[in-house]
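In case you want the letters, here they are:
Number of protein chains: 2
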Amino acid sequence: MPYPEEAEGFQIDSAETWTEFHKRHFKLKPFGEYDVDVKISACGVCGSDVHTITGGWGSQHFPLAVGHEILGTAIRVGSKVTLIKEGERVGVGAQSFSCGECKQCKNENETYCPNIMIDTYGSKWPEEYGGVVSQGGYSSHVRTNERWVFPIPEKLDTNIAAPMLCAGLTAYSPLVRNGAGPGKKVGIIGLGGIGHFGILFAKALGAEVWAISRSRSKEEDAKKLGADGFIATNEDDWEKPHRFSFDLIVNCANSSKGFDLAKYLSLMDVHAPFVSVGLPEEAGQEIKAQNLLSNGVLIGASHLGSRREMLEMLQLAADKGIKSWVEEIDIGEAGLKEAVTRLKKNDIKYRFTLTGYDKAFGA
Amino acid sequence: MPYPEEAEGFQIDSAETWTEFHKRHFKLKPFGEYDVDVKISACGVCGSDVHTITGGWGSQHFPLAVGHEILGTAIRVGSKVTLIKEGERVGVGAQSFSCGECKQCKNENETYCPNIMIDTYGSKWPEEYGGVVSQGGYSSHVRTNERWVFPIPEKLDTNIAAPMLCAGLTAYSPLVRNGAGPGKKVGIIGLGGIGHFGILFAKALGAEVWAISRSRSKEEDAKKLGADGFIATNEDDWEKPHRFSFDLIVNCANSSKGFDLAKYLSLMDVHAPFVSVGLPEEAGQEIKAQNLLSNGVLIGASHLGSRREMLEMLQLAADKGIKSWVEEIDIGEAGLKEAVTRLKKNDIKYRFTLTGYDKAFGA
Chain A
1 MPYPEEAEGF
11 QIDSAETWTE
21 FHKRHFKLKP
31 FGEYDVDVKI
41 SACGVCGSDV
51 HTITGGWGSQ
61 HFPLAVGHEI
71 LGTAIRVGSK
81 VTLIKEGERV
91 GVGAQSFSCG
101 ECKQCKNENE
111 TYCPNIMIDT
121 YGSKWPEEYG
131 GVVSQGGYSS
141 HVRTNERWVF
151 PIPEKLDTNI
161 AAPMLCAGLT
171 AYSPLVRNGA
181 GPGKKVGIIG
191 LGGIGHFGIL
201 FAKALGAEVW
211 AISRSRSKEE
221 DAKKLGADGF
231 IATNEDDWEK
241 PHRFSFDLIV
251 NCANSSKGFD
261 LAKYLSLMDV
271 HAPFVSVGLP
281 EEAGQEIKAQ
291 NLLSNGVLIG
301 ASHLGSRREM
311 LEMLQLAADK
321 GIKSWVEEID
331 IGEAGLKEAV
341 TRLKKNDIKY
351 RFTLTGYDKA
361 FGA
Chain B
1 MPYPEEAEGF
11 QIDSAETWTE
21 FHKRHFKLKP
31 FGEYDVDVKI
41 SACGVCGSDV
51 HTITGGWGSQ
61 HFPLAVGHEI
71 LGTAIRVGSK
81 VTLIKEGERV
91 GVGAQSFSCG
101 ECKQCKNENE
111 TYCPNIMIDT
121 YGSKWPEEYG
131 GVVSQGGYSS
141 HVRTNERWVF
151 PIPEKLDTNI
161 AAPMLCAGLT
171 AYSPLVRNGA
181 GPGKKVGIIG
191 LGGIGHFGIL
201 FAKALGAEVW
211 AISRSRSKEE
221 DAKKLGADGF
231 IATNEDDWEK
241 PHRFSFDLIV
251 NCANSSKGFD
261 LAKYLSLMDV
271 HAPFVSVGLP
281 EEAGQEIKAQ
291 NLLSNGVLIG
301 ASHLGSRREM
311 LEMLQLAADK
321 GIKSWVEEID
331 IGEAGLKEAV
341 TRLKKNDIKY
351 RFTLTGYDKA
361 FGA
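Chains A and B supply the protein sequences, listed in that same order. Residue 255 in the UniProt record's numbering sits at position 255 of the first sequence, and the numbers go up by one each step. Residue 110 in the UniProt record's numbering sits at position 110 of the second sequence, and the numbers go up by one each step.
Some hints here could point you the wrong way.
Coverage of chain B stretches by chain A, computed from C-beta distances (three or more under 8 angstroms per stretch; other residues unrestricted) [unchecked claim]: (1) 106 to 118; (2) 271 to 277; (3) 284 to 291; (4) 301 to 315; (5) 355 to 361.
By construction, these hints were calculated from the structure, which means they are not laboratory data. Using N, Cα and C, we set each Cβ at its ideal position, and we do this for glycine too.
Construct the entire structure; sequences and hints are all you get.
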């Protein structure tokens, strides 16, 4: 066993070979006094993983093991760690480090730190931290600063909790930052991994929730997830009954193809925020002030969420019995190929969780 | 004298002849029981007037008398008018009617009414209101619903107050709607008619105010207006010292030529709003969610302001002795030609107020 110097995981070597996973050992960053080592037992398969390995978001540090919806056990904690206990069941999400000193970091906006931003996979650590490229959760272990390691409430099953670490938080943070709650009409665009959490959490927060999708094919699912209403944007005049009525829309769409932004914006009440969390690979939309003038809508984007929001979200999920819709698949060359190929085609309702880590890497 | 069936004013006949004003009589809308007739004594010359008569904002209902920064006297009030007394000194701004019944109208968002939006000039009234095209303040009288007629505090001089009716309110509303006040760092982009009010009002509201301009040519003016700091965007790395530092920016720029939006957005603190009030004639900017992600900035636009905001702004200006920077010019074919020609070239610091109405139209 290479651990604790190395971990073992499934890496992709190039965007051209994005379905070919290679099981290899790779170096972990040097163990720091605030670090926690997590032995991984499950990992969600995030849309980001596919955008990354296919090159859709640009060039990457290959070879790379992706995966940032990690559940496991804290098997070693650094001498100064106070937030996590050895043996605890924990999660790790998409971010693994920030400076901790700047205004953003001190103000629960660590996902917007301008100084150091280490993603859980694919980021090169500064030389003083060892200089390695971070490797994600399609592997046996991750080594992460305690501030990005989260205790998992007992009531949440491992395979249900895993996808919450990125997709769940990505949906939850803009909801709570923009007042989703009783008396508010909230729209969730795009019923995929993030969007299905948008519906679950907006409902759990007490809002009136509308799913907004290209067709009615997912209407039944949306209702089961808790949606109060459903809008299909392939229908004529779909936007007209809802103009000026939404207090918040979280746009979780993974693609902007054929997206008529003006119609979506017309749904918003005066000055209501339209916040994107999906990061399509396509070119952007041309916007001029005139397009925003009829209702003074605010267009924004949201990046993950804070530590506090992560802990609150996990507790809310435990308290309300919120369950991710998960299809389990065993980690391995074949399972990973199937997972990323199907996710690329949106052929999943609504998240894969990788399991079988003991079989792949030993107990 | 044609009044009260008609008013007399200076009209433009086409975008091709936008500097040729023709003095003519034209029909007023039928007098309604909530209407107020205003005998005009002064009118500001707004950038909108030039965008309109030059065709920069598209085709118009010519012949047209523009002008929507109107000061005058209420010489006749309808039988149901309660907000305005006959003989009172009053102002009229850029809007003259909305439905009054919808959520927006009832929620002090009458500038976002989706049902009826009558601009002070250039809007065709529905047939039940007479069907005429509204004519603005380059004329002897306007007839306006009382909700868009505003008593002017005694301490405000007529020629100083006039430009506040559109430019002033346009700057004031996004400031107060987005928390400009003590402890907040506010940026005002574009030192023109609206922008100079942005500095005056942001300062009066207690914010730390930075003027953001293309060069340093207006720095001395900005400081006199009350700016605490000045940023010239033709200097290298101008944005770097200010990244993540602004709580609000009101973009008053009248043109988006050479505007590097990403640099401006990088100035914003996390989730801080970047609100445009200028409406450039050029094409928009391509935006994708990725551009908004480093700080979660919100991009918006703001349209005029509410009745309550207008009254508060005028009182604030009276209480604090705020003075528009005004160059007076007599209304008439020559004066109007000079005013719109110089405004088109930004050759004015920072607003023309048209005077001499008695000479042009009789006392």
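These are the hints, each one checked on the structure:
1. 106 to 118: holds (count 4)
2. 271 to 277: n = 4 at 8 angstroms, threshold three: holds.
3. 284 to 291: holds (count 8)
4. 301 to 315: holds (count 3)
5. 355 to 361: violated (count 0)
Checked against the numbered hints given earlier, this structure breaks only hint 5.
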